[in-house]
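Peer 1: If you read the sequences in order, they're chains A and B. For the first sequence, the working numbering gives the first residue as 57, with consecutive numbering after it. For the second sequence, the working numbering gives the first residue as 57, with consecutive numbering after it.
Quick caveat, the hints were computed from the structure, so don't treat them as lab data. It should be emphasised that the depicted structure is a prediction, and the values quoted were computed from it without experimental measurement. Cβ coordinates follow ideal geometry from the N, Cα and C atoms, glycine included.
Footprint (simulated), chain B over chain A, 3 or more residues, beta carbon under 8 Å:
id, segment
1, 122-134
2, 153-166
3, 182-194
4, 198-204
With a cut-off of at most 25 Å between alpha-carbon atoms, the simulated PhoX-like pairs for lysine-lysine come out as follows:
id, chain 1, residue 1, chain 2, residue 2
5, A, Lys-231, A, Lys-106
6, B, Lys-127, A, Lys-207
7, A, Lys-267, A, Lys-106
8, A, Lys-137, A, Lys-127
9, A, Lys-137, B, Lys-207
10, B, Lys-231, B, Lys-106
11, B, Lys-267, B, Lys-231
12, A, Lys-267, A, Lys-231
13, B, Lys-127, B, Lys-137
14, A, Lys-127, B, Lys-207
15, A, Lys-207, B, Lys-137
16, B, Lys-267, B, Lys-106
Spelled out from the first residue to the last, the chains are:
Number of protein chains: 2
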Amino acid sequence: MAAGNSVVLLSGGLDSATAAAVAKSRGFSLFALTFVYGQRHDIEVEFARKIANFLSVTSHEIIHLPDILFKSSSLVRASGKAIVPGDGVTIPATYVPARNIVFLSIALSYAETIGASHIFIGVNAVDYSGYPDCRPEFIEAFQNVVQMGTKSGIQGNPIIIETPLIRLTKGEIIKLGLSLGMDYSLTTSCYNPSGDGIPCGVCDSCRIRQKGFSEAGIQDPALHRNYGK
Amino acid sequence: MAAGNSVVLLSGGLDSATAAAVAKSRGFSLFALTFVYGQRHDIEVEFARKIANFLSVTSHEIIHLPDILFKSSSLVRASGKAIVPGDGVTIPATYVPARNIVFLSIALSYAETIGASHIFIGVNAVDYSGYPDCRPEFIEAFQNVVQMGTKSGIQGNPIIIETPLIRLTKGEIIKLGLSLGMDYSLTTSCYNPSGDGIPCGVCDSCRIRQKGFSEAGIQDPALHRNYGK
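Just chain A, with the same shape it has in the complex:
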């Protein structure tokens, strides 16, 4: 069931691990990309390596982005801003300017360079932090850029942006990943972990993760890392 090559965006988090597991289950070879951009939670890069290894990816590239980007976000250490929970209504201070646009653009260029037909990204617009670049309207707009702005696109064979999680709840995502054999002990979600990688338990991302495992009715296998303590 070889489906060809796909580029998968792998952050080290639960969603991207699940999206990558979906790509693998559909028979794709996985070319994983992980981005380093001054994030406080850069320990996620080590988790991305574990996930890449677990999923037997064909290659895993770690991309260092220019440090002039993203510095207005509290997720970035250089911002000097504290991580505070969002209000669930407005876009929170953790918003990273155009992050998924940059990630998808680089994935797109890489896909066209290596001849991959699909890009998998674990965006989700149900249990999420309210970022505009996680919504279906954004993905549709980006797909149109692929159609209009790439050689493969105007030749009628555009690279496809796959978002298998976009309309699932966090609980549904976890159940999907477990059904595919994903090991969530290899993932991390906290925006602001302590130096040894222990999650804070109170940031938006920790809380959404906890809600997901609760909905799925199982214990978070990362709890041995004192998740949420």
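On the provided structure of chain A, position chain B as indicated by the hints.
Peer 2: The following block gives chain B in isolation, referenced to the frame of chain A:
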């Protein structure tokens, strides 16, 4: 006539220099970005520095892109491919996968990070090499991504992609730049210059430049570099 801050994509070529001069003439402060991506003509980065200096930009950042990108293009040294003129119908081998998508995405993130309201890019769809990411349809699609995928966009104040040259001939671009005081001796266009920066005179970009100066009825001030010899 302060118009605020703009990000300008500055390659070292004639078009981007003109687009930057337009931005300056409209009263914008210029935050220039130049990309290094293994291009054969990386001497253009030195020309970009000269142009940035000439236009008194507020800042000029040189961005090194990951070397896994773009390697299928003959413009990139690591491709091992020779530069050959295009046929004017199909997309030529100099096509760089998703180049302007990557450039605009990084410019967009930078603009939103620093609070710039406009991005100037010197794309042109008249006298050009046939790249899909230089056409108005692509720019419109990318503008829609800004609307859908950024905080400023969904808050009704999207960053504007400015393409002041998109429907001009090369001759018109040169006349526009000269009317704004641009010094084209500071620009380079050749895809495949010799080690000391002397243009080949036969690549698509050299030929389009020569045609432009011929149409404008003036001599290319870069001819002192033996342009085209």
